[in-house]
Amino acid sequence: MTKASMQELAACESVPACAGIGLRAQHHEDVLAARPKVGWLEVHSENYFARGGAQIHYLSAICERYPLSLHGVGLSLGSVDPIDALHMTAIKRLNGRFNPVLVSEHLSWGSVGGLYANDLLPLPYTEEAVAHVASRIRQVQNDLGRQILIENVSSYLEFRCSRMTEWEFLAAVVSEANCGVLLDINNLFVSARNHGFDAYPYLAHLPCHAVQEIHLAGHTQVTVDGREILVDSHSAAVCDQVWDLYRTALQKLGPKPTLIEWDTDIPPLADLVGEARKADRILEQIHALAA
Amino acid sequence: MPSLHELQHTVMAAIVSGDAECAAPLLWGKGITPESRIGIYANNCRVNFIETLQRTFPAIHRLVGDDYFRQCARAYQRLFFSSSGDLQNVGCQFSQYLSVLHAGTRFQYLADVARVEWAYQEALIAADHPSLDLERLRRWSPDEYEYLQVALHPSVRLVDSPYPVLQIWQENCVSSNAASSIDLDSGANRVLLARYQLQVKLWALDTGDAVFLRALGAGRTLGAAVVEAQEAAENFPAGDSLRKWIGSCVIVDFQPEGLR
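Just so you know, the sequences run in chain order A and B.
Taking the working numbering, the leading residue of the first sequence gets 1, the next gets one more, and so forth.
Taking the working numbering, the leading residue of the second sequence gets 1, the next gets one more, and so forth.
Please keep in mind that the hints were generated in silico from the structure rather than gathered at the bench.
Be aware that one or more of the hints could be misleading.
[To be verified] Interface residues of chain A toward chain B, partial, derived using beta-carbon atoms under 7 angstroms:
| hint | residue |
| --- | --- |
| 1 | Arg-51 |
| 2 | Asp-84 |
| 3 | Leu-115 |
| 4 | Glu-128 |
| 5 | Leu-157 |
Glycine included, every Cβ here is placed at the ideal spot set by N, Cα and C.
With the hints as constraints, model all of the structure from the sequences given.
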């Protein structure tokens, strides 16, 4: 077995296939005081780029009690600019310090020419983009000395030059980069609705072997040019249709570590834990079926 | 077919400028104009930038009000678009921007309040450092202290202003009461910021302490820093000051001159 595949196996084995929650600073003290029964926690890497201080103090304390996943939102993996060395150094520092069970980034770009939109823009689904983003993922994996997961993003536009579907693009990138997949079910639902494709064939064509984590979140609806657009706001509870899609995904993938994300209008910790319980109940049903 | 390079530069130009016409031919419409689709990302970019700036500069936001703050932040974004994947960095030039914007007006003080707020953010995330090892210090004779060079905590920041910026910051950031009237001519402030345990503390320094800490921060020996402080403030109490700043974890390390 190669060193890389051993690391992949070690990472997979150390993440419990149960529900976790996205940890935000508002809940640092609550998590330490209440010790909620969730399987693991995930943080946005950029929120812990500090060299010291309260954020690092709390994360260190929490990390002793829960498996931790690092989820990046700002690396701009798909950009044609060189990878930001300072940003990468900060991720490496976090990876070395906290030894996370998973490290993930987005299959997107958000910067070019040194300008950052600080958002997750979709890539065109072309062979050129596959080769480019796969080489960048390999670069990051080499720098970190571990496999990373890439997440499908919510999108509000499609490029005319795309020559394949999103799931074909995702599968091609995974194949070429030898990375894992973080399947965001809410993002899939949002993009499917926004672009008028069926989410179920997407699930059917996923590279199942590569999926190591699932995200669930809430979204909001806005009207643009008289048409409904779903926005991945992370500001609400997971909707029924996303729970349905989640059940279908688990039937195909088997139980997977599942994260509840909530980043805007953040509710009390108990509400997040309640959402995690719902995911756990579904995971238990899938475990029972698999037994 | 555009290259990935061309496509990304065109889309980013549309987001930065707010003019999506150039990017429209790259996108499918499907019932929503390409301009509106780009507009969703441009709006996210604008809102995220302004909200981050507002969280970083709460006193400035309270002082100028929401409408003017948003107008100001939008203009600042046009000049200093985010250059980092870490959105927290967008405020790094805001005080300079306010300084130029309000040069020669009665609002000049806002730039100095912004400098305090940015220093506060820097102090929050600076590296940790243990407090000074007093046992180690006791191995030196007090007669030799003057030859020591000290290290300040990595979070230490000093902000000098001709305005009472510490009081302005406290009234508009810490206090939840309605802001009282502050006389801008009521005195200069030399503000020291440093993290103590997990909190950032702020002090208004007198002349002696300000000169003393600046000299130490510049690498002078204790002896040289005391001389500078006493030249600036005749009765500078060197021993009390040293004890105070060691006790407050502002001075956190030392070594003999020449070993740095």
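Cross-check of the supplied hints:
Annotation: A:Arg-51 was flagged as interfacial toward chain B, and the flag holds, the nearest CB pair being 4 angstroms apart, inside 7 angstroms. Using the Cβ-Cβ criterion of 7 angstroms, the hint placing A:Asp-84 at the interface with chain B is satisfied: the shortest such distance is roughly 6 angstroms. Hint on A:Leu-115 holds. Least Cβ distance to chain B is approximately 5 angstroms, under the 7 angstroms limit. Taken as an interface hint, A:Glu-128 checks out: its beta carbon lies about 5 angstroms from the nearest beta carbon of chain B, inside 7 angstroms.
Hint status for A:Leu-157 relative to chain B: holds, with the closest Cβ pair at about 4 angstroms, below 7 angstroms.
Going through the hint list in order, the structure satisfies each hint without exception.
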